[in-house]
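Order-wise, the sequence lines are chains A and B. Counting along the first sequence from 1, when you hit position 23 you're at 23 in my numbering, and nothing is skipped either side. Counting along the second sequence from 1, when you hit position 430 you're at 430 in my numbering, and nothing is skipped either side.
Any given hint might turn out to be false.
[What the hints assert, rightly or not] Chain A side only, calculated, beta carbon under 10 Å to chain B, not exhaustive:
#1 Q16
#2 D29
#3 G40
#4 G44
#5 L53
#6 A54
#7 G56
#8 R57
#9 I61
#10 Y66
#11 P69
#12 L71
#13 G73
#14 A76
#15 Q89
[To be verified] Over the 12 Å line for every Cβ pair with chain A, so calculated as not near, a few chain B residues:
#16 F110
#17 G113
#18 P151
#19 A180
#20 I188
#21 A193
#22 L198
#23 A343
#24 L405
#25 D413
#26 G431
#27 V437
If you're looking for bench data, these hints aren't it; they were derived computationally from the structure. Predicted model, so just to flag it, every value in this text is computed and none were measured. Here a beta-carbon is modelled for each residue, glycine too, at the ideal position from N, C-alpha and C.
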Amino acid sequence: MPVAVPFAVATQGARQPWLGTGTRVADDDFSPASATIPLGKALGALALAMLVLAMGRAPQIASAAYDLPILPGTEALIAAAEAWETAMQWMGL
Amino acid sequence: MLFPTGAFALFFAVVFVVHWTLVRRAPALHKAWLLAANLAFYSVFSTTLCALLVALGLVAWALGPRVAPGAPRARAWLWLGVAIALAWLGYFKYANFLIQEVAARLADVFGLGPPALLEILLPVGISFYCFQAISYLVDVHRGAVPAARGPLDVLVYLTFFPHLSAGPIVRAAHFLPQLATPPDPRRIPVLMALILILGGLFKKMILANEIGVGIVDPVFRNPGAYGTVDTALAIYGYAIQIWCDFSAYSDMAIGIAALLGYHFPKNFDQPYRANSLADFWHRWHISLSRFLRDYLYIPLGGSRFGSVATMRNLFLTMLLGGIWHGAAWTFVLWGALHGAALAVERALGRGLGWFLTFHVVVALFALFRAPDLGSLAAMASGLLNWSIGPEQATPWLALLCALGLGLHFLPPDLRQRVEAALRRWPAPALGLAAGIVLVLILRTGPEGVAPFIYFQF
């Protein structure tokens, strides 16, 4: 015989709280009231965050490119990373 | 692959774009893509260990229909499945410990040479994925989730890269229903996900890394060489470091999963503001505490058979929780002492109060961090040695420790308040702000990223 399910109430039908379809889990950071945005806007926001990250970490990107294994295309990647770093230096970043 | 690295950022960008593209245009393929991404993520650690992880997933999937309610000999199959998962964990994690502690002593008694240790590479995250395999079997057996028809869902659940390396331990009954339909691309909780990821990065890159490198590592590496101030700051510092490190990983994992449209439950809830040890365990590594409560403490009898049995069950549960962390006497003792302290609280009928609870937790974390009991004794003598002045401790490190503790006394719903304040911001402004904060955190923290503490478990 299966034993009792003490946590079933908390998990049955539980899905993503921000969709508002699951059981409300107390003290969770997400809830049916969580702010959500559609994929297009999410992509734009994350792409912008990645762009700022790449701008702020240009020296680290160049240094990571130098550490790449020698394969076809590596030289082009290193050249692109160097050009990116130079452009960021020119912008004063 | 560590979260706060450029390699992971690139990996995640590709996974994110392809995942949501498939969800919109070819939903039948999105889970296969997630599995491929998970396996690629884990293969960075080792392809052999990745194959073993898949093998365990296939075993759990194959046993699913046999342990389901109403299946013949379901309970026996369940025990077999749990035994396989525990044997898996035991071999990789405890075999050499047993050889060292048991076989070596027997060899001494019988005058034999020391036994050879096995060459075993500990798979990253093994304790987490083995517990999740157990969760799948038990949840199916209890009827909380149906047995999966194909292996894909079980494999995605076990290998899902945000929680694969260091949790949180997400239950099958919580996660598998989320795989039943593709996530909704019209409603992605980007704001809270970014708050969790950036908050986690701050705790990991600035607090945990600075405190670890600055005071904890040097003092615990050479515990007899430091005096009172250094030793005391290292002990308090480790309690702050392990919270910053582990809760940072959990927060980032929860945020990353949310960006892909999946929900993990909260794993930490300001644990150092607890007023009792029972309260502490409701706030610290919540997914493990609840796993142990529901899959061990309650099946042992919980609090249903009187106070003595309750105290025994608390002690055994915490002892096994300690052993789960690793094959060392320090972990065994750490779990046993937490179990004993919980039993004492139960006998007293009240909590220890904030001050005592905090210091019991801090002192036991020193035991948790110490490589052996000898080092702990050396630290205790260093703690009483006023003749050596501070060498590692600085006001900056003390300030970081105070900040780490102070974060516990901010409003519990601070994230929701930040979310409410920012929810009207347009998406590009959010992305720009997130990028700037990300760069500031990475520039402020020390160069390089130390592995997360819980990777070793």
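Hint check results:
Of the supplied interface hints, the one on Q16(A) holds, with its beta-carbon coming within about 4 Å of a beta-carbon of chain B, less than 10 Å. The beta carbon of D29(A) is positioned within 10 Å of a beta carbon in chain B (closest approach about 5 Å), and the interface hint is therefore held. A distance limit of 10 Å between C-beta atoms decides the matter here; for G40(A) the minimum to chain B is near 9 Å, and the interface restraint holds. A hinted interface residue such as G44(A) counts as satisfied when its beta carbon comes closer than 10 Å to some beta carbon of chain B; here the least separation is about 5 Å, so the hint holds.
For L53(A), the shortest C-beta to C-beta distance to chain B is roughly 5 Å, which falls under 10 Å, so the interface hint holds. The closest approach between the C-beta of A54(A) and any C-beta of chain B is roughly 9 Å, which is under the 10 Å cut-off, so the hint is satisfied. Of the supplied interface hints, the one on G56(A) holds, with its beta-carbon coming within about 3 Å of a beta-carbon of chain B, less than 10 Å. Hint on R57(A) holds. Least Cβ distance to chain B is approximately 7 Å, under the 10 Å limit.
Contact between I61(A) and chain B, as hinted, is supported at the beta carbon level, the nearest pair being about 7 Å apart and thus within 10 Å. Evaluation of the Y66(A) hint against chain B yields a violated restraint, the C-beta minimum of about 13 Å exceeding 10 Å. Violation of the interface hint for P69(A) is found here, the shortest Cβ-Cβ separation to chain B being roughly 13 Å, above the 10 Å cut-off. Here the hint on L71(A) is broken, as its CB sits about 16 Å from the closest CB of chain B, past 10 Å.
For G73(A), the suggested interface contact is broken, since its CB lies about 15 Å from the closest CB of chain B, more than 10 Å. Hint status for A76(A): violated, given a least beta-carbon distance of 16 Å to chain B, over 10 Å. Hint status for Q89(A) relative to chain B: violated, with the closest Cβ pair at about 15 Å, above 10 Å. The claim that F110(B) is not at the interface with chain A holds, since no C-beta of that chain comes within 12 Å of its own (minimum 44 Å).
Distance to chain A confirms G113(B) as a non-interface residue, since its nearest Cβ pair spans about 44 Å, more than 12 Å. Residue placement check: P151(B) keeps its beta carbon more than 12 Å from all beta carbons of chain A (closest about 22 Å). With a minimum CB-CB distance of about 8 Å to chain A, A180(B) fails to clear the 12 Å threshold, and the non-interface call is violated. I188(B), annotated as away from the interface, has a beta carbon of chain A within 12 Å; the closest lies near 5 Å.
Residue-level check failed: A193(B) sits 9 Å from the nearest beta carbon of chain A, not beyond 12 Å. With a least CB separation of 10 Å from chain A, L198(B) falls inside the 12 Å interface cut-off, contrary to its annotation. The beta carbon of A343(B) sits about 21 Å from the closest Cβ of chain A, which is more than 12 Å, so the claim that it is off the interface holds. Under the 12 Å C-beta cut-off, the non-interface status given to L405(B) relative to chain A holds; the minimum distance is some 21 Å.
At roughly 9 Å from the closest C-beta of chain A, the C-beta of D413(B) falls inside 12 Å, breaking its exclusion from the interface. Its closest Cβ contact with chain A, about 3 Å, brings G431(B) to no more than 12 Å, contrary to its assignment away from the interface. Separation of V437(B) from chain A is inadequate, the least Cβ-Cβ distance of about 9 Å not exceeding the 12 Å criterion.
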